[in-house]
Amino acid sequence: MNSDFMVAVHALVYLNHKADIVSSEALAENICTNAARVRKVMVPLKRAGLVSTREGSVGGYRFAADAAEVSLRTVADALGVHFVESTWHSGSHDMDCLIACGMADIMDGIFADLNKRCLEELARTTVADIDASIFESRIENAGRAQDSLSLAPDNSTA
1 MNSDFMVAVH ALVYLNHKAD IVSSEALAEN ICTNAARVRK VMVPLKRAGL
51 VSTREGSVGG YRFAADAAEV SLRTVADALG VHFVESTWHS GSHDMDCLIA
101 CGMADIMDGI FADLNKRCLE ELARTTVADI DASIFESRIE NAGRAQDSLS
151 LAPDNSTA
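For what it's worth, UniProt numbering labels the leading residue of the sequence shown as 1, then goes sequentially.
I should point out that these hints are in silico values taken from the structure, not numbers from a laboratory.
One thing to keep in mind: the hints can contain errors.
The following label-pair restraints were derived from C-beta to C-beta distances [claimed, not checked]: (1) E25 <-> D66: 25 to 33 Å; (2) R117 <-> G59: 36 to 44 Å; (3) S92 <-> A112: 18 to 26 Å.
We put the CB at the ideal spot given by N, CA and C, even for glycine.
Work out the full structure: start from the sequences and follow the hints.
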């Protein structure tokens, strides 16, 4: 897996939360990457109908779907992401050893199964779920901080 998936999810959650057109520069700043990378990642998301674009000096991206209906699997599928893969294989089909001849196919099968399981898990989480989790967590943490302040001893002198 490369980090394009993380860039895409971050961008979609941000666009959903903003509910407005956001420039690639503003997205890049929030994601902590560069605008060219954001634009590259957004191309397949636009093709999949997850974002719409406006060109020009006031252009940018807008979330174009229902966040409660867009699962992380949808995002992964749009990007063509494989979460577990190897570009190198041990052994060789040309060797005169069953282990050397068979290892690559066995490992490819394991990787395919792991990818399938990852996608099944990602299908359970939506962009709206992530947005809600972030802000619920923020509210809970703010509440805890407020509770801590009210429990702190008053060190002021009157």
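Cross-check of the supplied hints:
{"no.": "1", "hint": "E25 <-> D66: 25 to 33 Å", "verdict": "27 Å, holds"}
{"no.": "2", "hint": "R117 <-> G59: 36 to 44 Å", "verdict": "39 Å, holds"}
{"no.": "3", "hint": "S92 <-> A112: 18 to 26 Å", "verdict": "20 Å, holds"}
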